[in-house]
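Taken in order, these protein sequences are the chains called A and B.
Heads up, the final residue of the first sequence is numbered 311 in this note's numbering, and it's a clean run with no missing numbers.
Heads up, the final residue of the second sequence is numbered 298 in this note's numbering, and it's a clean run with no missing numbers.
No lab work stands behind these hints, which were simulated from the structure alone.
All C-beta atoms, glycine included, are put in the ideal place defined by N, C-alpha and C.
Incorrect hints may appear among the rest.
What the hints assert, rightly or not - Now the in silico label distances, taken between C-beta atoms and shown as ranges:
# : chain 1 : residue 1 : chain 2 : residue 2 : range
1 : A       : Ala-139   : B       : Glu-265   : 30 to 36 Å
2 : B       : Asp-182   : A       : Arg-181   : 47 to 53 Å
3 : B       : Lys-56    : A       : Leu-98    : 25 to 31 Å
4 : B       : Lys-56    : A       : Leu-275   : 29 to 35 Å
5 : B       : Met-189   : A       : Phe-173   : 51 to 57 Å
6 : A       : Leu-94    : B       : Glu-265   : 30 to 36 Å
7 : A       : Leu-98    : B       : Arg-285   : 47 to 53 Å
What the hints assert, rightly or not - Here are some chain B residues pointing at chain A (derived, C-beta under 10 Å):
#  : residue
8  : Ser-58
9  : Gly-61
10 : Asp-64
11 : Phe-68
12 : Ile-230
13 : Ala-276
14 : Val-281
15 : Pro-286
16 : Leu-289
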Amino acid sequence: MLRDNTSKVVFIGGILIIAFGFFAPNWIVNQLMFGFSRALAILGLLVLWRTGLVSFGHAFYFGLGAYTVAILDIQLGVTDVFLRLFGGACLAGLAGFLVGFIMRNYRDIFFAMLNTAISMVLYGIIVKTESLGSTDGFAISLPTIFGVAPETKYPLFVVITVIAMVSALLVNFYLKTTVGRLTTPIRDNEIRVEYLGFSVAHAIHLKYTMSAILAGGAGALMAMSLGQVDPDSMINWTVSGELVFITILSGPGNVIAPFIGSLVFEVLRTYAFELAPHLWQLIVGGTFLTIIFFLPGGIWSLIVKFGRNKS
Amino acid sequence: METFLTILLDGLQFSSYLFIVSAGLTIIFGVMKILNVCHGSFYAWGAYTSAFFIGKFSEMGMPDGWGFLVILASAIVVGLVLGFLIEQVILKHMYHRDEVLIVLATFGLFLVLEDVILIAFGTDPYFAYQPMALLDSVEMGGIVRDVYGLTLIGVAAMVAIGCWFLLNKTKWGTILKAVIFDREMGIAMGINVPLVYTLTFIGGAILGGLGGAYIAPTISVAPGLGTEVIVLSFAVVVVGGMGSIMGAAIGSLIIGLLRALAVHELPQVELFVVFAVMAVVLVFRPEGLFAPAKPRKI
């Protein structure tokens, strides 16, 4: 699994970042945590994006993961980080698997819109239900790790980084398997893929379920690192838009791209809020348009270009 | 009986403004095949512009009746300026790109325009109650209604008739239908398709602005206005069938009445019901209830 360059970079980079986090000030650790949590969801969207599918509703799975953590914490008193993550990812994955039976027949804007509709159904339910926290949401206690309640956020950061690393390696591995290689061909010509003897519907279903699991895990990790969940920052359609934005910003070139993209997004957000609180959306929207127009391959294409010039 | 009438009128009013906004969205989609997320911004800009100037004119001591002129003027100005700029500067260069990418570009535009509103108008809400106060209220069937709200239904009906007339009884309508049916063949027949696109986008934008401008006196015009309306009009357009005016009308009636029913009888499901309908329609009839199924082009 560790034979190609990407895996090596992910593996070594992950270890270096964990070591770096030990010495880094708190705010940097926080940024990295948020960035890596969100990057998990982007990994899933990357797989879909390579297939030519854009979901304008993956906040559904993101929110499902986050709210599972909240319910596990408040109703059942589950504090263990792995149990919470497992719960969030599994529920989202199950939902994704079931929804996938319908979703695998949809393409283009119909795919995007059906996802939006489903995520807004969940949004509508949560916003109007008192017992699910309504518009206020819930506060979530800091998770325990192997039964130990950590003093700082550093252990949680290590867990998140390791999970992110493992997911990136797994997705990278998946993209190299036969089913995984069917991403771009499906985008280019479905009929040919069918003639080759593969089921497009099955391939898309698998990718969709994967992206749901990853988005659920991302939501669960995000909820734990933020310490709270609420519908407007977890499930509303603008959150789905944000996820798509980061996917485009990162570029579909490589599994490392989502991590870079998410970090850039976090930094952009932090500085935008500090320098010009009212211009946040303007900056994001402007960047979005610039990327679509001038950098269709996202940040990753810049890195590739830079690497080529050097060697 | 009174509850029933209230639900019916609330629903009709809600449907009316949804229809005005969605008609613009569906025309743009029908002709240009663009799912225009920044339609929500046209709505918000219309609302802000009309609320701002109604307030200003009233301060200057102009008669309140001018408010209606202001509403119409803001819709047209917003549609002309924003529609023309966006189509010419951004969208024109994207027609050869993937449909989904164009949606994303309009989403980026939506974000930008949301903040430009904040810069232009500030974060404080605006209240432009004058036109509503002018028209007073009326008692019918035991309930008291604002006349202004009822005129909204009339405006929506006028928009519907206007669209129908334009599409079916004028030369312009024939040209539009030709472009919708087969763009390339239209070009071959000598239709100036880029011009049709620009005018269509401006026309759709004016309708979006009109929805916002007309509703402004009945609400507090505050940030985040466009975010809610755009997903609602997506729901309408999807339910009715993308690209069909008739569909937009039926879709907004279904969504508007259902939501009014939910608000009065079971407030918990208010939003749920709208998007559940949208999801169900997409699952069982993806092309919408009223759009004819298209033959697949290979």
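Violated hints - listed by number, lowest first: Numbers 2, 3, 7, 8, 9, 10, 11, 16, in rising order.
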